[in-house]
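Enquirer: In order, the protein sequences belong to chains P and G. Heads up, the first sequence is in my numbering, so the first residue is 370 and it goes up one at a time. Heads up, the second sequence is in my numbering, so the first residue is 370 and it goes up one at a time.
In short, the hints are calculated from the structure, not lab data. Check the hints yourself; a few may be wrong.
[Said to hold, decoys possible] Quick list of in silico lysine-lysine cross-link-like pairs, DSBU-like style, CA-CA up to 35 angstroms:
| no. | chain 1 | residue 1 | chain 2 | residue 2 |
| --- | --- | --- | --- | --- |
| 1 | P | 480 | P | 452 |
| 2 | G | 422 | P | 452 |
| 3 | G | 480 | P | 452 |
| 4 | P | 452 | G | 488 |
| 5 | G | 452 | G | 422 |
| 6 | P | 422 | G | 425 |
| 7 | G | 425 | G | 452 |
| 8 | P | 486 | P | 452 |
| 9 | P | 480 | G | 480 |
| 10 | P | 425 | G | 452 |
| 11 | G | 452 | P | 480 |
| 12 | G | 480 | P | 422 |
Protein chains: 2
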Amino acid sequence: MVQQLTSSEHLNATFAALADPTRRAILARLASGETSVSELAEPFEMSMPAISKHLKVLQRAGLIERGREAQWRPCRLAVAPLKDASDWLDHYRRFWEEAFDRLEDYLRELKRDAQKKEKKNGRKK
Amino acid sequence: MVQQLTSSEHLNATFAALADPTRRAILARLASGETSVSELAEPFEMSMPAISKHLKVLQRAGLIERGREAQWRPCRLAVAPLKDASDWLDHYRRFWEEAFDRLEDYLRELKRDAQKKEKKNGRKK
């Protein structure tokens, strides 16, 4: 049975899936191409059931897809939920951009003050 | 005691904090300005201890700051962790942009085919 999630529930599942370093590392590995579960598990010092549990969380969040091949069911990255998470964060972009602009203004001001001081000291000599 | 977190631990805390609709709604409310906790709690049908728990999670993730005023300690949005989360997601941007480009190509092809068909049918008449 495929469960229909609301967009808020999708975000819950996506952010919860991303809140773990192993799961983020799995996604980073899949970004360079699809792979088998055993290959995926190799770099982690973890039991196969532990890895399977992480894969299930990622799959439930729609972040990975499994191939249909009977023997080798490869894992594949699915990025649509990452785009939705990024779109959500974009609502706050203006805040960090404004903070960065204010910092730039402040640094420019500091520089101008330092130059003025230098000029003044230069005249004194 | 201020706990020093690694950047991976920061991401864990940020994504975990964002995985809840009430906490996302609190951030959305704070985006329009700082406010008291009781004002913040008003639109939610939740007990004060439940709201306080959510605020603690957000505070631990560095997503909100509390004013120092003794009586009124207002809550304020802090966006640096949101920027870090957005930067992490940006590593995957090319995937959804490529997917979108492929979709566009496909739609263009469909349109071209439809026009060809129309032309051909036009000549037959």
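Enquirer: A separate judgement is required for each hint: does it hold in the structure or not?
Expert: Cross-check of the supplied hints:
With a C-alpha separation of about 40 angstroms, the suggested pairing of residue 480 of chain P with residue 452 of chain P is violated against the 35 angstroms cut-off. Between residue 422 of chain G and residue 452 of chain P the CA atoms are separated by roughly 29 angstroms; this keeps the pair inside 35 angstroms, and the hint holds. For the suggested pair residue 480 of chain G and residue 452 of chain P, the alpha carbons sit about 27 angstroms apart, so the restraint of at most 35 angstroms is met. The suggested pairing of residue 452 of chain P with residue 488 of chain G is violated, with an alpha-carbon distance near 39 angstroms, which exceeds 35 angstroms.
Using a Cα cut-off of 35 angstroms, the hinted pair residue 452 of chain G and residue 422 of chain G holds, with the two alpha carbons roughly 24 angstroms apart. Of the supplied pair hints, the one linking residue 422 of chain P and residue 425 of chain G holds, its CA atoms being roughly 28 angstroms apart against a limit of 35 angstroms. For the hint pairing residue 425 of chain G with residue 452 of chain G, the CA-to-CA distance comes to about 20 angstroms; that is within 35 angstroms, so the pair holds. About 49 angstroms separates the Cα atoms of residue 486 of chain P and residue 452 of chain P, which puts this hinted pair outside 35 angstroms; it is violated.
Of the pairs offered as hints, the one joining residue 480 of chain P and residue 480 of chain G is violated, with about 57 angstroms between alpha carbons and a cut-off of 35 angstroms exceeded. Distance hint between residue 425 of chain P and residue 452 of chain G is fulfilled; the C-alpha atoms sit about 28 angstroms from each other, no more than 35 angstroms. The straight-line distance between the Cα atoms of residue 452 of chain G and residue 480 of chain P is roughly 27 angstroms, inside the 35 angstroms bound, and the hint therefore holds. Of the pairs offered as hints, the one joining residue 480 of chain G and residue 422 of chain P is violated, with about 44 angstroms between alpha carbons and a cut-off of 35 angstroms exceeded.
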